[in-house]
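Colleague: Chains A and B are the protein sequences, given in the same order.
First residue of the first sequence? That's 1 in full-length UniProt numbering, and the numbers climb one at a time after it.
First residue of the second sequence? That's 1 in full-length UniProt numbering, and the numbers climb one at a time after it.
Keep in mind that the hints were calculated from the coordinates and are not lab data.
All the given hints hold, so there is nothing to weed out.
Pairs of lysine to any residue, SDA-like flavour, derived with a Cα cap of 20 Å:
| id | chain 1 | residue 1 | chain 2 | residue 2 |
| --- | --- | --- | --- | --- |
| 1 | A | 51 | B | 25 |
| 2 | B | 189 | A | 281 |
| 3 | A | 186 | A | 159 |
| 4 | B | 169 | B | 116 |
| 5 | A | 51 | B | 32 |
Residues per chain, in single letters:
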Amino acid sequence: MATFGNLSDRLAETFKNLRTKGKLSAADVDGTVREIRRALLEADVALEVVKEFTGKVRERALGDEVNKALNPAQQVVQIVNEELVQILGGEQRRLEFAKKPPTIIMLAGLQGAGKTTLAGKLAKWLAKDGHTPILVAADLQRPNAVTQLEVVGAQAGVPVYAPEPGNGVGDPVRVARDGVKFAQQKLHDVVIVDTAGRLGVDADMMKQAADIRAAIDPDEVLFVIDAMIGQDAVSTARAFQAGVDFTGVVLTKLDGDARGGAALSIASLTGRPIMFASTGESLDDFEPFHPDRMASRILDLGDILTLIEQAQGAFDEDEARKMAEKFSTDTFTLDDFLGQMQQLRNMGSIKKMMGMLPGAGAMKAQLENFDEREIVRTEAIIQSMTKAERATPKLLNGSRRLRIARGAGSTVTEVNQLVQRFEQAAKMMKTVARGGTPNIPGMGPIPGGSFGGGRGKQQPKKKGSKSGNPARRAAENAALAAGEKPAAESGVPGGSGFGLGGGAQKPGGPSEEEMAALQKMLGR
Amino acid sequence: MVERTSWSLSGALRGMFAKPTIDEQTWEDLEDALIQADFGPDVTDGILTELRAKVAKYNTTDPTDLQRMLREGIEERLARLDSTLTLSARPAIVLVVGVNGVGKTTTIGKFAKFLRGYDRSVLIGAADTFRAAAVEQLATWAERAGADIVRPQAQGQDPASVAFQTVEKAIKNGIDIVIIDTAGRLQTKSGLMDELTKIRRVIEKQTPIAEVLLVLDATTGQNGLAQAEAFIEHAGVTGLVLTKLDGSAKGGFVLAVQEKTGIPIKLVGQGEGINDLTGFTPHVFAKKLVG
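Using the sequences and the hints, build the whole thing.
Modeller: What follows is the structure, given as structure tokens:
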């Protein structure tokens, strides 16, 4: 929801003035952990779980595990994600069927959590798998819950055992027990017992649930809980654990926009696995739970995590070190330039990667304009040069350029542009390597240098960019050039439309830390 | 079990207010307590900043002062809006909306009973034609409350037409108050939200709507705000109903909802019995929260 700031944005904010490289200082970590704490609270994760969780994250972030492929913010995000997935999916498992049928499944939960609907979904799902489930109507409390279950059963094509009319009449314990007997007689292999909704504080009702459990000795007791629940998840989950001791959890109404922090709270507090997720009004909207999806949903990180993984995979540490050396010793050649570019391409489609960034939606138009083939063309030009030419671009005279253009299937103008940009870049590289801040008129300082990674002419012009080197390319160039120079260090305001998170929300283009993040992500 | 589940804000606060002076720990405990009552990080920060300023202003170190200031602060925030129901039109149309499973149907049953207690004639429209057996559930409540009900003529009938027929009948028979139930819908389902707009439009062809009540579940967390915003946009909500307050949930998020949206809480549901619905009184609510 727009109401809540996006965590990626906030993390970027936290790291605005961060000048450390690689290693995190305690203060940096504290700032990040504070933001994560808040994000978790806004996602309705229970406070005590948040405290324990952030403690763990803090410890790990300050520990020795430093991943060079990621910037500090990303490192923390990755740690957080790993911890989340561990809690959520530590004990992933399927339904356990009884050795001797029928398998008895009991549903329990608060009022309005969605038990009756879930009973239908579960029955349909099992029936599709070749089982012969039967529903038992043991919610005799709520008016017409029995009727509802009958309708749901009919929709799912599953029989319903409903001897009592409900509406406060009848004994649910007896109904449950008889239902199981009935299923044994009729050879149903799964019995799903729907029970009345009850509050954790209602001692009588909790006792009733415990009695039902004792009477039918279920193989699985599923605790059905609404994904929208807030801090109360703690007391409710504990009450149900103490009362009926559920064996698994089902999360309902996940099709809404609640972050579902309750999932984390319950998994963490009770140690019971979340087994299913219910995601819609139709009886087919039911699926096994995916811990990884839930983890990124809770923190609203989009697919940024996928991006982190890709960046890690594509990053070649040695390569980068060599590059940094070349920058400082002024032996940077067109060959190196090509190598960098190929490394970038290894990460897969740039468009796709940009699309995965949270908040990238608004940049779609820009993404559409971005032509990845530009990289291919640049590659072709460089590959059309001789070894000597690549090492010493000064050799390139008019006739050589014409030859190259022919060989690459482009024009002399394009070759000229490339060479020009390369020279500019090499110059800047030196400045940066010596610790200075490069400055190109009309563009503002460029992080780490700029040498035509993506070619210029088709890219959208930004304000005052006369260099034929629009800002967005700068981001990409930055990525190529990144080497050991985080942008934050050179203190540059970026002009790129690509930001780490929600760049779209900042009309002035992404801020420097976003640039830094992007640069890190692509290049390092 | 009972001991563990009966966490309460007042319980949590009691310990800290019993201390002789206000120290850092007091503030931390206070923050924890507010967050655990679902106030959300933003409102919690707001309350804390306000309290810190007050404590500094009055130069007090006594936790009981802090408690009083907290109670008054919450009460004041809640009392800013008028929580009276406007049901003076005849017929007065009340549309009840909300996400799935918050207790709309139950609330309607109790509300009908409440109104019957004041000897008003009540007609209920069962416009939840979607959920299995919702009409029957509502009919049972209507019977208990002694109210008439208009049922859809066919399964899956357009809810707007049921609403229309209900209002039509009410006008013809001179009914005082009409309550219309709608199917639960998650605020993210734009198609269903548009359906609400349609129901509203269709009713307003005959007579203005007196109240649109959004039912919120007290166990809801910070998503409550998103719910409120979406329903306000599509259904023109005029009042909030907070249900399931008899559980361990405190429903602190309503404070954020009320503040951000300017819609007052009008009714409070605290049980499954037909008489467990009361008007909203900021004083009582704040007292219950803070002690």
